[in-house]
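Here the structure of chain A is known, so what remains is to put chains B, C and D in place on it, guided by the hints.
This is what each chain is made of:
There are 4 protein chains.
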Amino acid sequence: MFFASDNAGPVHPQVMDRLNNANDGYAMPYGADPIMDEVREAIRNLFEAPEAAVYLVATGTAANSLALACYAPAYSTVFCTQVAHIHEDECNAPEFYSAGAKLTLVPGTDKMTPEALRKTIEGEEVRGVHGPQRGPVSITQVTERGSVYTLDELSALTAVAKDYKLPVHLDGARFANAMMALGCTPAEMTWKAGVDVVSFGGTKNGCMGVEAVVLFDPKKAWEFELRRKRGAHLFSKHRYLSAQMAGYLADDLWMKTAAMANRNCARLAEGLQAKGASFLHQPQANMIFATLPRSAHRRLHDAGATNYIWEGSLEGDDPDEHLAMRLVCDWSITPDDIDTFVSHI
Amino acid sequence: MFFASDNAGPVHPQVMDRLNNANDGYAMPYGADPIMDEVREAIRNLFEAPEAAVYLVATGTAANSLALACYAPAYSTVFCTQVAHIHEDECNAPEFYSAGAKLTLVPGTDKMTPEALRKTIEGEEVRGVHGPQRGPVSITQVTERGSVYTLDELSALTAVAKDYKLPVHLDGARFANAMMALGCTPAEMTWKAGVDVVSFGGTKNGCMGVEAVVLFDPKKAWEFELRRKRGAHLFSKHRYLSAQMAGYLADDLWMKTAAMANRNCARLAEGLQAKGASFLHQPQANMIFATLPRSAHRRLHDAGATNYIWEGSLEGDDPDEHLAMRLVCDWSITPDDIDTFVSHI
Amino acid sequence: MFFASDNAGPVHPQVMDRLNNANDGYAMPYGADPIMDEVREAIRNLFEAPEAAVYLVATGTAANSLALACYAPAYSTVFCTQVAHIHEDECNAPEFYSAGAKLTLVPGTDKMTPEALRKTIEGEEVRGVHGPQRGPVSITQVTERGSVYTLDELSALTAVAKDYKLPVHLDGARFANAMMALGCTPAEMTWKAGVDVVSFGGTKNGCMGVEAVVLFDPKKAWEFELRRKRGAHLFSKHRYLSAQMAGYLADDLWMKTAAMANRNCARLAEGLQAKGASFLHQPQANMIFATLPRSAHRRLHDAGATNYIWEGSLEGDDPDEHLAMRLVCDWSITPDDIDTFVSHI
Amino acid sequence: MFFASDNAGPVHPQVMDRLNNANDGYAMPYGADPIMDEVREAIRNLFEAPEAAVYLVATGTAANSLALACYAPAYSTVFCTQVAHIHEDECNAPEFYSAGAKLTLVPGTDKMTPEALRKTIEGEEVRGVHGPQRGPVSITQVTERGSVYTLDELSALTAVAKDYKLPVHLDGARFANAMMALGCTPAEMTWKAGVDVVSFGGTKNGCMGVEAVVLFDPKKAWEFELRRKRGAHLFSKHRYLSAQMAGYLADDLWMKTAAMANRNCARLAEGLQAKGASFLHQPQANMIFATLPRSAHRRLHDAGATNYIWEGSLEGDDPDEHLAMRLVCDWSITPDDIDTFVSHI
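In order, the protein sequences belong to chains A, B, C and D.
If you read the first sequence in my numbering, its first letter stands for residue 1, the second for the next number, and so on.
If you read the second sequence in my numbering, its first letter stands for residue 1, the second for the next number, and so on.
If you read the third sequence in my numbering, its first letter stands for residue 1, the second for the next number, and so on.
If you read the fourth sequence in my numbering, its first letter stands for residue 1, the second for the next number, and so on.
So here's chain A without its partners, still in its complex pose:
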């Protein structure tokens, strides 16, 4: 009953197989392996972007920070939400990789709205050389609170960015989960919606540790390569990143695992609802933010469930007080796990 995160589950067997199969003989290092050629081609096809620059790194923070650094000069500021992973969970990596750019927080509790974004952008750089310059807008899809922007919502945000000629980064650590929730194509959720660069996540959705960065403007390619190397994120035995991604893409595995994760989440949400849980908002992808009474939390805890108490504490006198929890499902969660979990509430 592991619902703490989607970064703790096993690698999908198909990815593991591909890794094992790749482990034969010699392959040119540093991205010159033939599997990477295959991966690059596959991702360009997927995104209907034959010119896109495609690179692999091993962590989501590297994907985000390197992508942003190509678009955020040191004297600029990145626009993101108050709960963005790049703001809260990367220990200043975006600031590090951009040599000291700022992050300007767009008010709001989860999804960024075009109005809030516009107002925030307007609030910056009205002072010439004195304040930071307006830099990229970074959007997270699936959001950190489990919401999914519709294509229209995405386009509305990028339209604001374009009004100010600002580039747009999409943190797609859970790209596949969002796409399956929307039922759209990768192109529709990225460049067709105005996105310039996307972190296309693999780790949370069945891989071991691999994320693709897709830059739709190939003129950024060489800068990205240099930044990746300088950041110590270029793997010598790169074929093992390539192989993960190749296994992940083959036979649409990435869509299948995302669909599984989303289905798991829906089943869990249904069970929670039946037990009277209340939701921060209706779960759309593979994350749930819901509240349960402390007594229910305690039963779950005692039964061995692993998940984060988001607000409040198991310690406390009142058994009826509602505590918020975050529940995340990856592809590997079984219906049995879910049903057992629900049964303990």
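Among these hints, one or two may not hold up.
[What the hints assert, rightly or not] Below, simulated BS3-like cross-link-like pairs (lysine-lysine); rule was C-alpha separation at most 30 Å, straight line:
| no. | chain 1 | residue 1 | chain 2 | residue 2 |
| --- | --- | --- | --- | --- |
| 1 | A | 219 | D | 220 |
| 2 | C | 220 | C | 165 |
| 3 | A | 119 | B | 220 |
I should point out that these hints are in silico values taken from the structure, not numbers from a laboratory.
What you are looking at is a predicted structure, and each value in this text was computed from that prediction instead of being measured.
Frame of chain A; chains B, C and D shown alone:
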């Protein structure tokens, strides 16, 4: 009728004299000039801090950024208000000098409150290595909106910082104005109130371009020196920084010019009040935020007054609409200027 | 016949098995996996350093840069050879991670000598605040040209460093190859010889992508953790780094693969010598720098051998001109490969 | 008898006068003062570069570091000599401002030769993404050892840079001294000779603390402005930088003071030669590197002369041992000083 800022007036004659007097013969460069020995001694005496490390730089941004960099590791965050100069007006200099530390904004419109500070600190670093570590608290005295923290207010803020073992930086670009408003000593407004490092401003109060950084912990001295040199802020002909500061300190000139600026401001506030202006808050030092009808603004503008319209625009149909303005007085403003200004309202 | 590098061969089956075995169920992320506990313990035991801080990263450049950053302030300079990997092959990563420290090159062609090191250190920082401050000494073992420092040579270098109170970093990308060449213990080649922090390589010696950083001073632990996270080198699914290292350490595999690589190299050197090749110096570990006539290079190339021509070019009129080559063996090279290679000369 | 440096003498009265005259009324801050308009125009005229971007900063290190940062990406390397000020005397400021670029040292003892430059450039970046990319070439004129490149020598160096499409920076801390030695125009010594950006020194030649940065490509202007502000080098009371430069340029003062300094140096060299001193090379501008017996050094020291012993020490048994000294003259040195100095040898 120049009320746009206190960074545009002339150098006080006494400072200029000292500069001219210093311009004789040869002096060892890079801070080894004898006038610097005199200045160091004078500042240590003023602050009742015989061990303090004292350094001069030429800009307030350099003073703030270098001071903060000694206390804010790259993986930390600095706590300041939303309108702090270090946040809004230094083009990411604090981020640059700290190699990418973050600035966490304490909500509020001007003065920081202990409650807001505590809540903001509590909100950071509850995620171990994932979020930035809590770093220094930076307080501006006089604030960017012209308020002056009382000694009790300062101590209440530093007490919160100390609860979390966080160092405290005081941005004292208008240190003297605040001190004269409070009627206290330099020591009372700094280390006795829990401040670890202060930017002691000279430029806005009668100098040409000089700020002292006073580090009450002398163990930081060598690091500061190296950071200053590496930041290209160590002057070869340093005696001309020393001479400014020496002239500024002699015969308590710095207190006199601050008192003059504050008196000018009070006279101006009185005049404005008589004319029906409304104030953001009661002016305490040398800055006023007040509103006047557009028609009055236009008359002032036509009469050649120089000041910032803070909110709104001279252009506009309604002559009665109130527009906010910022008015700053330095020591050099004359009663005549003020009275003429008021007469145009 | 792949002799281009030891970064292009397969992962050893025992490491792969451990990876596959680790791929079961859920494991706490970000280094909190139980396999990491096992690895930490094993490395502390190996190094006879029960207090050492032990961390895993995925690339050698990350290991070096993060380790150095903990010891090299931005206003300091790192001492290394002209051919050090940190200087030539990391695209300014050490400069990046240290926020702009310099690398001062100790003259010489391969091994650093105590005399050259001392002279170079003496040449730096005789100018107070003006030049960079003396920072860590970084030694590569096995060197970039395939030499192995004896324990006495290592101690002589670290003694010079200690004379100036400078910390010592050991780039051990080929740590195991050196150790097997010397027949010593990990402790003897590190802290007993005066090393403060070591990059303990796995990738080139049978792993997929994992390096341990061992800091013998545990007071540096938390700083390292923060730098690793900020550098985007903390893996969420960390167990797969742990599992690689666990498989690598089990049953002394790491020593066995290194011994295999060294034996392969010795066999190759013998074959080359019999064919009249001349050596830059006598191969000691798993790298050979040797010269052959252009005609021999061409035959090898036509036969499908993969290796670097170090100086000169296959193109050229004179078939007898000698061209330098670099040959590297990892554990996976077979005697047959070697003999075939030699037969083509 | 002050010959230690040209950074310790007084400000020329004409510059001081202009400073005093500028000290009247109010002037728009941050470079918007009318004197700056005058200075910009004057420098563009001087350099026959009507489009050039012209900015003022207060230190030579700021001028060099900011100029280089506009041309040296973080993943590049700057080519300079082993004794370049940017390498030896700026405490890693160029590395800081460029976010970690490297400095690659062109071998040689003083002047850079085209052959050495070409060979050094060739030695860098033959490894794609692994090594740093080739960045700007930085040339110092007058060199750190007092030599002056002829126009042909300059052009030969920049021609090498252009062969590799590398930009060229000229560190002109002693620009005027070189120009007077050559008898050429500012344009001839800069853009006509292939220079892209120049640090045009004022401090060492009669100013208090001001250097102009002239970027011949105006497309770099805004980036420079942002970098200057972010580096805390934009002065609020900017008119006092402008006034220094205006006073310095008026009536060709800058050429006169340089000519005076050079003449002083020639007189000193003549005197030294008559006393049997031997020279590192024939003095051309305002610096002398010469050797004298220890006994002569002692006599000078006892007579109160201030200068650097470059190699060796006053302490020592042998009165006849020759010690190298550096002697620098600024405009303010008097013939009497020089003659007295020589008389003590």
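Hint check results:
Pair hint residue 219 (chain A) plus residue 220 (chain D) holds up; C-alpha atoms about 20 Å apart against a cutoff of 30 Å. For the proposed pair residue 220 (chain C) and residue 165 (chain C), the alpha carbon gap of about 17 Å is at most 30 Å, so the pair holds. As the CA atoms of residue 119 (chain A) and residue 220 (chain B) are separated by approximately 41 Å, the hinted pair breaks the 30 Å bound.
Taken one by one, the earlier hints fail for this structure only at number 3.
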